[in-house]
Amino acid sequence: LCLSQHLVTNFSHCISLQFTLPTYRYTKAELLELCDGYANLYLCTGYASMQLCRNDELVRFARDHLGYVCNPMNLERFMQHFDCLRKVEEHNSDSCQYFIEGIAEPGKDQRKCRGVKQYNDCLQPKIRKECGKEAWNEFDKVIEWVGCRV
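Numbering (the numbering used here), first residue to last: 1 to 150.
Take these hints with a grain of salt, some might be off.
[Said to hold, decoys possible] 20 Å max Cα-Cα, derived DMTMM-like pairs, lysine to aspartate or glutamate: (1) K87 to D121; (2) K28 to E134; (3) K28 to E57; (4) K126 to E90; (5) K133 to E144; (6) K129 to D83; (7) K117 to D94; (8) K133 to E76; (9) K126 to D83; (10) K28 to E90; (11) K87 to E76; (12) K141 to D121; (13) K87 to D140; (14) K141 to E76; (15) K126 to D94; (16) K117 to E90; (17) K28 to E76; (18) K129 to D140; (19) K28 to D83; (20) K141 to D64; (21) K129 to D94; (22) K129 to E90; (23) K141 to D83; (24) K117 to D64; (25) K133 to D83; (26) K133 to E90; (27) K141 to E130; (28) K126 to D140; (29) K87 to E130; (30) K87 to E134; (31) K87 to E30; (32) K117 to D140; (33) K133 to D121.
Because the hints were derived from the structure by calculation, they are not lab data. Computed from a prediction, not measured in an experiment: that's the story for all the values here.
Go ahead and model the full structure; you've got the sequences and the hints to work with.
Laid out in structure tokens, this is it:
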């Protein structure tokens, strides 16, 4: 009960965004709040319970979309590049975003990577130019963590 309540409470907004990669649709504050919820998920249920439920649609969805970003070993580095990556994605939403619209929902894993390569190819030159290679590497890591190849 704790697990399902927590997921519905903390990640329903994430699901409602309807993008394969909703990460950069959040503000820093919203993302940090989601990371708190993600950490509390483990505290609430315990690691053993999470392992038992690792194939649950909502658990997989939360892990895929927040696992890399919210990992304490990655969070600071991710946040260093977040503002620039978010800005590039926002300014190029008309030309690149349509590749990944309408895909992110639990249970749709087989379709979650549709359009990601095209999206990645569309944003790559802009990110490299405006944010640099390290930011580009972070962007790639987020995509890879979701389970998509670029």
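Outcome of the hint check:
1. Restraint check for K87 and D121: satisfied, since their Cα atoms lie roughly 17 Å apart, inside the 20 Å limit.
2. The straight-line distance between the Cα atoms of K28 and E134 is roughly 19 Å, inside the 20 Å bound, and the hint therefore holds.
3. For the hint pairing K28 with E57, the CA-to-CA distance comes to about 25 Å; that exceeds 20 Å, so the pair is violated.
4. The suggested pairing of K126 with E90 holds, with an alpha-carbon distance near 12 Å, which does not exceed 20 Å.
5. Among the hinted pairs, K133 with E144 is consistent with the structure: their alpha-carbon atoms are about 16 Å apart, no more than 20 Å.
6. A threshold of 20 Å between alpha carbons decides the hint, and for K129 with D83 the separation of about 15 Å falls inside it, so the pair holds.
7. This hinted pair checks out: K117 and D94 have alpha carbons roughly 17 Å apart, not beyond 20 Å.
8. A distance of roughly 17 Å separates the Cα atoms of K133 and E76; the hinted pair therefore holds under the 20 Å criterion.
9. The straight-line distance between the Cα atoms of K126 and D83 is roughly 14 Å, inside the 20 Å bound, and the hint therefore holds.
10. For the suggested pair K28 and E90, the alpha carbons sit about 14 Å apart, so the restraint of at most 20 Å is met.
11. About 18 Å separates the Cα atoms of K87 and E76, which keeps this hinted pair within 20 Å; it holds.
12. For the given pair, K141 sits about 15 Å from D121 by alpha-carbon distance, which is consistent with the 20 Å threshold.
13. Between K87 and D140 the CA atoms are separated by roughly 16 Å; this keeps the pair inside 20 Å, and the hint holds.
14. A C-alpha spacing of about 14 Å is found between K141 and E76, which places the hinted pair at or below 20 Å, so the restraint holds.
15. Between the alpha carbons of K126 and D94 the distance comes to roughly 14 Å, so the proposed pair stays at or under 20 Å and holds.
16. Restraint check: the Cα-Cα separation between K117 and E90 comes to about 18 Å, which is no more than 20 Å; the hinted pair holds.
17. Proximity of K28 to E76 is assessed by CA-CA distance (about 12 Å); at most 20 Å being required, the pair is judged to hold.
18. With a C-alpha separation of about 15 Å, the suggested pair K129 and D140 falls inside the 20 Å cut-off, and the hint holds.
19. Restraint check for K28 and D83: the C-alpha separation of about 8 Å stays at or below 20 Å, so the hint holds.
20. Between K141 and D64, the direct Cα distance comes to roughly 11 Å. Compliance with the 20 Å bound is thereby established for this hinted pair.
21. A hinted pair counts as satisfied when its Cα atoms are at most 20 Å apart, and K129 with D94 qualifies at roughly 19 Å.
22. Note on K129 and E90: the hinted pairing holds, with a Cα-Cα distance of about 15 Å set against a maximum of 20 Å.
23. Proximity of K141 to D83 is assessed by CA-CA distance (about 16 Å); at most 20 Å being required, the pair is judged to hold.
24. Pair hint K117 plus D64 holds up; C-alpha atoms about 17 Å apart against a cutoff of 20 Å.
25. Of the pairs offered as hints, the one joining K133 and D83 holds, with about 15 Å between alpha carbons and a cut-off of 20 Å not exceeded.
26. With a C-alpha separation of about 19 Å, the suggested pair K133 and E90 falls inside the 20 Å cut-off, and the hint holds.
27. Using a Cα cut-off of 20 Å, the hinted pair K141 and E130 holds, with the two alpha carbons roughly 18 Å apart.
28. Between K126 and D140 the alpha-carbon distance is near 14 Å, which keeps this suggested pair within the 20 Å criterion.
29. At most 20 Å may separate the alpha-carbon atoms for a hinted pair to count; K87 and E130 meet this at roughly 9 Å.
30. Distance hint between K87 and E134 is fulfilled; the C-alpha atoms sit about 16 Å from each other, no more than 20 Å.
31. A distance of roughly 16 Å separates the Cα atoms of K87 and E30; the hinted pair therefore holds under the 20 Å criterion.
32. Of the supplied pair hints, the one linking K117 and D140 holds, its CA atoms being roughly 11 Å apart against a limit of 20 Å.
33. Restraint check: the Cα-Cα separation between K133 and D121 comes to about 14 Å, which is no more than 20 Å; the hinted pair holds.
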